Amino acid sequence: MSPKTLYDKIWDAHVAHESEDGTCLLYIDRHLVHEVTSAQAFEGLRMTNRKVRAPGRTIAVPDHNVPTTPDRVNGIENEEGRIQVAALDKNAKEFGIHYYPMNDVRQGIVHIVGPEQGWTLPGMTVVCGDSHTATHGAFGALAHGIGTSEVEHVLATQTLIQQKSKNMKVEITGKLQPGVTAKDITMAVIGETGTGGGTGYVIEYCGEAIRDLSMEGRMTVCNMAIEGGARAGLIAPDQTTYDYVNGRTHAPKGAQWEAALNWWKTLFTDADAEFDKVITLRGEDIQPVVTWGTSPEDVLPITATVPSPEDFEGGKVDAVKRALDYMGLTSGQKLTDIEIDTVFIGSCTNGRIEDLRAVAEVVKGKKIKDGMRAMIVPGSGLVRAQAEEEGLGEIFIEAGFEWRLAGCSMCLAMNPDQLSENERCASTSNRNFEGRQGYKGRTHLVSPAMAAAAALTGHLTDIRDLA
Amino acid sequence: MDKFEKLQGIAAPMPLVNIDTDMIIPKIHLKSIKRTGFGKNLFDEMRYNRDGTEIPDFVLNKPQYRDAEIIVAGDNFGCGSSREHAPWAIADFGVKCVVSTSFADIFFNNCFKNGILPIVLPQEQIDVLMADAEKGANARMTVDLVAQEITTSDGEVITFNVDAFKKHCLLEGLDDIGLTMEKVTAIDTFEDKAAQARPWV
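For the protein sequence lines, the chains are A and B, in the order given.
Numbering of the first sequence is given in my numbering, commencing with residue 1 and proceeding in unit increments.
Numbering of the second sequence is given in my numbering, commencing with residue 1 and proceeding in unit increments.
Simulated from the structure, these hints should not be mistaken for lab results.
The reader is advised that the hints may include incorrect statements.
[What the hints assert, rightly or not] Only pairs whose alpha carbons sit at most 30 Å apart, straight line, appear in this in silico DSS-like list of lysine-lysine:
{"id": "1", "chain 1": "B", "residue 1": "LYS40", "chain 2": "A", "residue 2": "LYS90"}
{"id": "2", "chain 1": "A", "residue 1": "LYS440", "chain 2": "A", "residue 2": "LYS334"}
{"id": "3", "chain 1": "A", "residue 1": "LYS164", "chain 2": "B", "residue 2": "LYS167"}
{"id": "4", "chain 1": "B", "residue 1": "LYS166", "chain 2": "A", "residue 2": "LYS51"}
{"id": "5", "chain 1": "B", "residue 1": "LYS31", "chain 2": "A", "residue 2": "LYS90"}
{"id": "6", "chain 1": "A", "residue 1": "LYS321", "chain 2": "B", "residue 2": "LYS62"}
{"id": "7", "chain 1": "B", "residue 1": "LYS193", "chain 2": "A", "residue 2": "LYS9"}
{"id": "8", "chain 1": "B", "residue 1": "LYS193", "chain 2": "A", "residue 2": "LYS166"}
{"id": "9", "chain 1": "A", "residue 1": "LYS164", "chain 2": "B", "residue 2": "LYS166"}
{"id": "10", "chain 1": "B", "residue 1": "LYS167", "chain 2": "A", "residue 2": "LYS51"}
{"id": "11", "chain 1": "B", "residue 1": "LYS166", "chain 2": "A", "residue 2": "LYS9"}
{"id": "12", "chain 1": "B", "residue 1": "LYS167", "chain 2": "A", "residue 2": "LYS166"}
{"id": "13", "chain 1": "A", "residue 1": "LYS51", "chain 2": "B", "residue 2": "LYS62"}
{"id": "14", "chain 1": "A", "residue 1": "LYS93", "chain 2": "B", "residue 2": "LYS31"}
{"id": "15", "chain 1": "B", "residue 1": "LYS40", "chain 2": "A", "residue 2": "LYS164"}
{"id": "16", "chain 1": "B", "residue 1": "LYS167", "chain 2": "A", "residue 2": "LYS9"}
{"id": "17", "chain 1": "B", "residue 1": "LYS167", "chain 2": "A", "residue 2": "LYS277"}
{"id": "18", "chain 1": "A", "residue 1": "LYS51", "chain 2": "B", "residue 2": "LYS193"}
{"id": "19", "chain 1": "A", "residue 1": "LYS440", "chain 2": "B", "residue 2": "LYS62"}
{"id": "20", "chain 1": "A", "residue 1": "LYS253", "chain 2": "B", "residue 2": "LYS193"}
Since this is a predicted model, take the numbers as computed values, not measurements.
Please take these sequences and the hints and turn them into a complete structure.
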């Protein structure tokens, strides 16, 4: 047998049908659903009198629209948001799928809830009508975002019409320096490849620095594979993965666990398998990074200065001019001189317990800068509960943060948490697009520790200078 | 789904690179539970001032491009979110074809599900089409999916590639789900085999 990559192996295990032209029906093991991209799909089923083929494999949770303030027990004030969540409530019930409603303690961001509940397992195919489905690749699951038509297709047939992507390897060798996190790795990679560099590929992240990451860190890395344009990001499962999965509600137990483990241990890229593209970064070279522009590829080490349009070529020159104007920045300005109005810590990129611990470590016993608006939004109700148990909630409140309920929150401004015009935010989320966090809002993407540091000092800060 | 065979129409130039899904349709407009009506908010923040008045410099607000049916775009068009509201907005506005040097993967797939033809061409040919689009309303391009050709207003012919299955679906206006349902036996068989091999899933 010819050597295979991890992606090849998972792909091959899920092809239900292959046409002569190479178009495949890929079987889907887990279908995650949220309120924004599913209503039209369920409506489509109703109109064509179709059912959900595998309701037991389908898991829904509202996250994008839900407010993160305690008053949400009284319902969602925004009418359209309320209708969307109500539609999901109704569809979940009518079609008999697993559901975590807004006020269930297990509710949270779909990409945090899936792994937390043990729905996401190595070697699976996982899809969701959300581009950050890439997150689940951290388990060695082939996971990617789909559009609403495809959501309907998966609901009806439990398959997706797919053509195979190419294989790309991103290797991070060696050890990370102090202050450098999984977020810095994934952003540094995008800085290297650009937002289109992964288009047409599935990325496998490997190397010592990736192996050394916790599952939380690996999820952060894979989460932003889509920001590099890749269909999915993957990390081969290992003991760290098994330890995370073991004992979770929907993970296999007993003899099933042993059988699963046997298969999972075959899920790695064969030694002589070939990749179509290879990127290698030295872990030691990666610095704490920050975005200065309006594309996730606009990444620089925190020690750098704001670039100038002349530093770029082609269509990017105009894009940079536009970005600097939008961001209100001047070329040559030190990144650490950029003053911040707001800090947002949370999202499917950085809303897990490890992220909150990293923040607590920075802010414990300190106070955020006067006038700073700073919020911490756990990725799920269970993350919040765990943080409370560990005393983190108290640390956050004492430092002056708002300590919220679970949801997508300010990552995408579909709910009450938004930036106002020209408000500048250090954010642990994944996109710094124009208007992403609110109309004319200005986003700098950073790691949780760097966001925490900015909350204390009031400007973008090199976490290494704070120690 | 509407069929796509041949289109003759005005092409609007949008040379900006990395036009993302938040630019195409800001999330504040994703709250509808319908598939229609998004066209008025296409490129919302580039197209309108906060008070709802039009920004006259924006290409689709210029008189010669208001009825554009084709967009010639900069690299990496449609990057970002999986939201199908982006192609819904594009289709609802009346654009049926987008041409660029590259598209984000999910957006690219979403287009085909909505009767929109995304075409990938090398930079040199995009430059030719961009220059043609810059001429305005009198420069109408022709996009022929059957022949896989774009003809500029000057008669220059540029051929393009398209996946055979996707082409077939667009030409016939086929519903993917219906097509897959015809293969239900293969899915049943796979499910049985997978249940044996990986019972824990």
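We went through each hint and held it up to the structure:
{"no.": "1", "hint": "B/LYS40 / A/LYS90", "result": "holds (29 Å)"}
{"no.": "2", "hint": "A/LYS440 / A/LYS334", "result": "holds (22 Å)"}
{"no.": "3", "hint": "A/LYS164 / B/LYS167", "result": "holds (18 Å)"}
{"no.": "4", "hint": "B/LYS166 / A/LYS51", "result": "holds (25 Å)"}
{"no.": "5", "hint": "B/LYS31 / A/LYS90", "result": "holds (16 Å)"}
{"no.": "6", "hint": "A/LYS321 / B/LYS62", "result": "holds (22 Å)"}
{"no.": "7", "hint": "B/LYS193 / A/LYS9", "result": "holds (16 Å)"}
{"no.": "8", "hint": "B/LYS193 / A/LYS166", "result": "holds (27 Å)"}
{"no.": "9", "hint": "A/LYS164 / B/LYS166", "result": "holds (14 Å)"}
{"no.": "10", "hint": "B/LYS167 / A/LYS51", "result": "holds (28 Å)"}
{"no.": "11", "hint": "B/LYS166 / A/LYS9", "result": "holds (26 Å)"}
{"no.": "12", "hint": "B/LYS167 / A/LYS166", "result": "holds (21 Å)"}
{"no.": "13", "hint": "A/LYS51 / B/LYS62", "result": "violated (46 Å)"}
{"no.": "14", "hint": "A/LYS93 / B/LYS31", "result": "holds (21 Å)"}
{"no.": "15", "hint": "B/LYS40 / A/LYS164", "result": "violated (36 Å)"}
{"no.": "16", "hint": "B/LYS167 / A/LYS9", "result": "holds (29 Å)"}
{"no.": "17", "hint": "B/LYS167 / A/LYS277", "result": "holds (28 Å)"}
{"no.": "18", "hint": "A/LYS51 / B/LYS193", "result": "holds (22 Å)"}
{"no.": "19", "hint": "A/LYS440 / B/LYS62", "result": "holds (23 Å)"}
{"no.": "20", "hint": "A/LYS253 / B/LYS193", "result": "holds (21 Å)"}
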